[in-house]
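> This is what each chain is made of:
Number of protein chains: 2
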Amino acid sequence: MAGKLDKVMTRRDFLNQVGKVGGAVAVYGAMDSLGLLGNSMFASASSFNAPKKSELALANKVGKKVIILGAGIAGMASAYELSKAGYDCHILEARERTGGRNWTVRGGTEETEINGVKQTAKFDNGQYMNAGPARIPQHHVTIDYCRELGVELEAFTNINEAGYYFHENVGPLSNTKIRKREIKADTRGYVAELLTKAANQSALDENMTAQDIERLTAFLTRDGSLNSNKKYTGTSYRGYTELPGAGLKPGTIGQPYTFSQILESGMMNNFSSEYSFDQQMMMFQPVGGMDSIPKALEAKLPGKITFSAEVQEIRQTAEGVRIVYNFKGQVKEMTGDYCICTIPLSVLKKIPADFSPEMINAMKNINYATTGKIGIQFKSRFWETEDRILGGMTTTNMDINQIWYPSYGYLSQKGVVIGYYNFGQASVDIGNLSIADRQKHALAQGAKIHKQYLSEFENSFSVAWHKIKYNEGGWVSYSASDRQNYYPILNQPQGRIYLAGEHLSYLTAWMAGAFESARVAVSQIHERTLKESGTAAKVS
Amino acid sequence: MAGKLDKVMTRRDFLNQVGKVGGAVAVYGAMDSLGLLGNSMFASASSFNAPKKSELALANKVGKKVIILGAGIAGMASAYELSKAGYDCHILEARERTGGRNWTVRGGTEETEINGVKQTAKFDNGQYMNAGPARIPQHHVTIDYCRELGVELEAFTNINEAGYYFHENVGPLSNTKIRKREIKADTRGYVAELLTKAANQSALDENMTAQDIERLTAFLTRDGSLNSNKKYTGTSYRGYTELPGAGLKPGTIGQPYTFSQILESGMMNNFSSEYSFDQQMMMFQPVGGMDSIPKALEAKLPGKITFSAEVQEIRQTAEGVRIVYNFKGQVKEMTGDYCICTIPLSVLKKIPADFSPEMINAMKNINYATTGKIGIQFKSRFWETEDRILGGMTTTNMDINQIWYPSYGYLSQKGVVIGYYNFGQASVDIGNLSIADRQKHALAQGAKIHKQYLSEFENSFSVAWHKIKYNEGGWVSYSASDRQNYYPILNQPQGRIYLAGEHLSYLTAWMAGAFESARVAVSQIHERTLKESGTAAKVS
Numbered sequence: 031m032a033g034k035l036d037k038v039m040t041r042r043d044f045l046n047q048v049g050k051v052g053g054a055v056a057v058y059g060a061m062d063s064l065g066l067l068g069n070s071m072f073a074s075a076s077s078f079n080a081p082k083k084s085e086l087a088l089a090n091k092v093g094k095k096v097i098i099l100g101a102g103i104a105g106m107a108s109a110y111e112l113s114k115a116g117y118d119c120h121i122l123e124a125r126e127r128t129g130g131r132n133w134t135v136r137g138g139t140e141e142t143e144i145n146g147v148k149q150t151a152k153f154d155n156g157q158y159m160n161a162g163p164a165r166i167p168q169h170h171v172t173i174d175y176c177r178e179l180g181v182e183l184e185a186f187t188n189i190n191e192a193g194y195y196f197h198e199n200v201g202p203l204s205n206t207k208i209r210k211r212e213i214k215a216d217t218r219g220y221v222a223e224l225l226t227k228a229a230n231q232s233a234l235d236e237n238m239t240a241q242d243i244e245r246l247t248a249f250l251t252r253d254g255s256l257n258s259n260k261k262y263t264g265t266s267y268r269g270y271t272e273l274p275g276a277g278l279k280p281g282t283i284g285q286p287y288t289f290s291q292i293l294e295s296g297m298m299n300n301f302s303s304e305y306s307f308d309q310q311m312m313m314f315q316p317v318g319g320m321d322s323i324p325k326a327l328e329a330k331l332p333g334k335i336t337f338s339a340e341v342q343e344i345r346q347t348a349e350g351v352r353i354v355y356n357f358k359g360q361v362k363e364m365t366g367d368y369c370i371c372t373i374p375l376s377v378l379k380k381i382p383a384d385f386s387p388e389m390i391n392a393m394k395n396i397n398y399a400t401t402g403k404i405g406i407q408f409k410s411r412f413w414e415t416e417d418r419i420l421g422g423m424t425t426t427n428m429d430i431n432q433i434w435y436p437s438y439g440y441l442s443q444k445g446v447v448i449g450y451y452n453f454g455q456a457s458v459d460i461g462n463l464s465i466a467d468r469q470k471h472a473l474a475q476g477a478k479i480h481k482q483y484l485s486e487f488e489n490s491f492s493v494a495w496h497k498i499k500y501n502e503g504g505w506v507s508y509s510a511s512d513r514q515n516y517y518p519i520l521n522q523p524q525g526r527i528y529l530a531g532e533h534l535s536y537l538t539a540w541m542a543g544a545f546e547s548a549r550v551a552v553s554q555i556h557e558r559t560l561k562e563s564g565t566a567a568k569v570s
Numbered sequence: 031m032a033g034k035l036d037k038v039m040t041r042r043d044f045l046n047q048v049g050k051v052g053g054a055v056a057v058y059g060a061m062d063s064l065g066l067l068g069n070s071m072f073a074s075a076s077s078f079n080a081p082k083k084s085e086l087a088l089a090n091k092v093g094k095k096v097i098i099l100g101a102g103i104a105g106m107a108s109a110y111e112l113s114k115a116g117y118d119c120h121i122l123e124a125r126e127r128t129g130g131r132n133w134t135v136r137g138g139t140e141e142t143e144i145n146g147v148k149q150t151a152k153f154d155n156g157q158y159m160n161a162g163p164a165r166i167p168q169h170h171v172t173i174d175y176c177r178e179l180g181v182e183l184e185a186f187t188n189i190n191e192a193g194y195y196f197h198e199n200v201g202p203l204s205n206t207k208i209r210k211r212e213i214k215a216d217t218r219g220y221v222a223e224l225l226t227k228a229a230n231q232s233a234l235d236e237n238m239t240a241q242d243i244e245r246l247t248a249f250l251t252r253d254g255s256l257n258s259n260k261k262y263t264g265t266s267y268r269g270y271t272e273l274p275g276a277g278l279k280p281g282t283i284g285q286p287y288t289f290s291q292i293l294e295s296g297m298m299n300n301f302s303s304e305y306s307f308d309q310q311m312m313m314f315q316p317v318g319g320m321d322s323i324p325k326a327l328e329a330k331l332p333g334k335i336t337f338s339a340e341v342q343e344i345r346q347t348a349e350g351v352r353i354v355y356n357f358k359g360q361v362k363e364m365t366g367d368y369c370i371c372t373i374p375l376s377v378l379k380k381i382p383a384d385f386s387p388e389m390i391n392a393m394k395n396i397n398y399a400t401t402g403k404i405g406i407q408f409k410s411r412f413w414e415t416e417d418r419i420l421g422g423m424t425t426t427n428m429d430i431n432q433i434w435y436p437s438y439g440y441l442s443q444k445g446v447v448i449g450y451y452n453f454g455q456a457s458v459d460i461g462n463l464s465i466a467d468r469q470k471h472a473l474a475q476g477a478k479i480h481k482q483y484l485s486e487f488e489n490s491f492s493v494a495w496h497k498i499k500y501n502e503g504g505w506v507s508y509s510a511s512d513r514q515n516y517y518p519i520l521n522q523p524q525g526r527i528y529l530a531g532e533h534l535s536y537l538t539a540w541m542a543g544a545f546e547s548a549r550v551a552v553s554q555i556h557e558r559t560l561k562e563s564g565t566a567a568k569v570s
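From first to last, the protein sequence lines stand for chains A and B.
Position 485 of the first sequence, counting from 1, maps to 515 under the numbering used here, and the rest follow consecutively.
Position 28 of the second sequence, counting from 1, maps to 58 under the numbering used here, and the rest follow consecutively.
Listed next, the in silico PhoX-like pairs over lysine-lysine satisfying Cα-Cα at most 25 Å (straight line): (1) B:K114 x B:K95; (2) B:K409 x B:K470; (3) B:K261 x A:K227; (4) A:K148 x A:K499; (5) A:K279 x B:K394; (6) B:K148 x B:K499; (7) B:K561 x B:K114; (8) B:K279 x A:K394; (9) B:K481 x B:K409; (10) A:K152 x A:K444; (11) A:K380 x A:K394; (12) A:K227 x B:K260; (13) A:K499 x A:K394; (14) A:K470 x A:K207; (15) B:K444 x B:K207; (16) B:K227 x A:K260; (17) B:K227 x A:K261; (18) A:K325 x A:K499; (19) A:K470 x A:K497; (20) A:K478 x A:K409; (21) A:K227 x B:K227.
Read the hints as simulated data drawn from the structure, not as lab findings.
Take the sequences, apply the hints, and build the full model.
Written as structure tokens, this is what we have:
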């Protein structure tokens, strides 16, 4: 029956997976490497008996060195997990910060795009934008890492019925900001009315029993808020034109739009984006900025990260790997037993590497999504005080796509709004504007919805991910045929080199993809190490 | 057109309302009394010129004394607003705390029910339950007071797709916890499939143009996640039986339930509760407990509240009011120019008062809703670690009605779950059990959904509002005829006695009703004072 619990790759599942491929010893070793022994939260659910501590020490003495390329989520999660098991890990990171695409922009943040244009964020103290990942679904393993690392979470307001739809050039509802709740209630009402009518005309009989139809009609009447004639004529679900109050103020319900108006507007086609498994409420964000996650990982890896290390060559040697990198103008190299490479394919494909022709061909053929964001600081939260919108989004059919209202600092004076978060051609077009013109465009588009945009504006910071050095794109974008033809190749190690990152997962664009892929790479390396060192034989 | 902004009774609206009934002077006076002069947030939108400060002082010198009965939201909001305008306010409060039904239970909280049974909460430090109001919609004036009073807000997780439906005795889906997202996705799918079929059979033609039908069909295909044959056969919207992961794990989508199973279960009839204007996301709660609001109001009223003052008589005098009360065994009285009485009708109707026969009859005939809540502290957050539910609710057809997972302290060790929040007969039946039996019942019912209920249980605190002294009910419950026959009578002052509270509003059961009614009472008293003192003539 489909009602079983959704399964997430919890740490327990991870162990079970390792158990399947590597036998009991791999499980024990991986278990220790993940710090799960003695973890009461999971221990009770373990399906095997933990070995004595003395046996596990064997697994910890292999002492292999793993060079990890990139101090983003995948790289640091790999180092974090391997370090627990006694591996000698070192991360080479091109930037002077950790996090990769998990990047929180605050006042003073500087970025020079690949064409040399530099920005410095002027946000006030306490204000920030998450330029990369910005929300976490409940079922992602990212939540488990936040728990383990002590990263505090708060709700991310992914869905707010008070937000607006604003569509241009779509008939009578064009250029009008309309509360999401209005379009939703009206659409549900008309759908319910139409289906109820069809049911009463026996148009559904071949599918359903009389009892089912009766239950369906009762449900539709409630769900669509139909009147006693089974007609939709409006409902308080859509909100009021005058709110109910105290004394003799019962409130006034607004007139619904016609279904024809709504269908022409296309606004109802926005609903399903909220149904997506990874976009449903509740969603979460770390308190204070998404980079709380990489900062927490970084704190677990003292002395294990070399910053400003630009990888120039990735080589295989007889029994290991050799990485050539540029450290502030000096060419250096590092050798190790394994490499976990988390560099995005958009960048990796340009780095000389001892990869198979199939791998090189695969990387060449895989595309990265373009995406852009602008954070705009306003001197007052007019969306809260005037529009009564606390968090959430306004959805448009313009090139800015969405406006995000901040999910933190409610009721305070200032706030940073995400003025656009767009994809595809719109993100390329806006991203290719000058910094000043991006801002100007975001303000002009937003001012169609919020007149206060111009008077309350203070400053902005924009990110065009296709122009960000060391990323050159938002996230991997696999077609169905890419998944078939190229993805399996990326999942095969190149000698002792393993790839990790969101691009090595079915959770592309999510931090969870990076975490999960790190866990897979770590498991595979650990299993191989145990096998090759003969530790498996000793313990089993 | 219905797309206009929803209007809330902001402070500006409040001024406009006063302006209508009391003329310009009343507006100026009320404006000052509300502290709005010089408030830049609202000043720019004012449609009149503010008078000079020296003129306003006249309004502040009336010095009338207002006795307020009850230090709940309505009482303290009344005192807060009147005090700003220079009124001499004093609150008589029967309890030793403020807040009334806005009551946050923490470790050490004591309560003796009207039958003499005493409870002391044993929650750990940092754990709490909001026994009364627990969530705030964005459009309520409560939000404005939080802003003005500096009460910090965080999201209240009213809707979480990861929560369960659990229905007993409803056919094949009985006694099975099913994720809300599954029932929602399946229902949307089947509704879309049926309506698409009806549309293709021309069953809708008389209502819609061919273009509308084409747009409707395209919408339904997307909304219901129909396949290329316009059939619903499942969707990732409902979640996965095996989650997508890294490497070669694309995830497995579960089989949908049949529509007949769902219709028999009745679970789809729960959807519309989430559409209610006051229940839609986003919703909010004060950080640290709902009583942050009364505490913030109380801090604005130093020395103006007498606790342990049980009102015994409410009398009218020639030019004012006289209140007789019992203060720790001593009978005392207080006289004043006006009285604002916020005592719930369920209690007020038993207090001797100089009220008209119509008023006495009205109070006698108005009912109060019964409701109960239990907070259960568990030693671990199994709902987060095992069920992957961070906040939100599970909805049942059992007498416990709902289970609420806490909207604070995510990822921490312990948590307080609301084990039931019920109404009507169920709340009477469970509320009439002994404290121990309420707990036993809540645990037994909850354990049907969460097996960890019994092993992880630590302690509980239950509230049966019909047995709480000074309340004797949850909130006023007006029938349509009550609104017609009795409600207008309550809105007329009895001499110089004005009623306030959620029962004097169309926002019953909400704190906003208490706030709004306080503003109405304050406006009416202020207008009358200005008229009677002749101040109006002087200034105008």
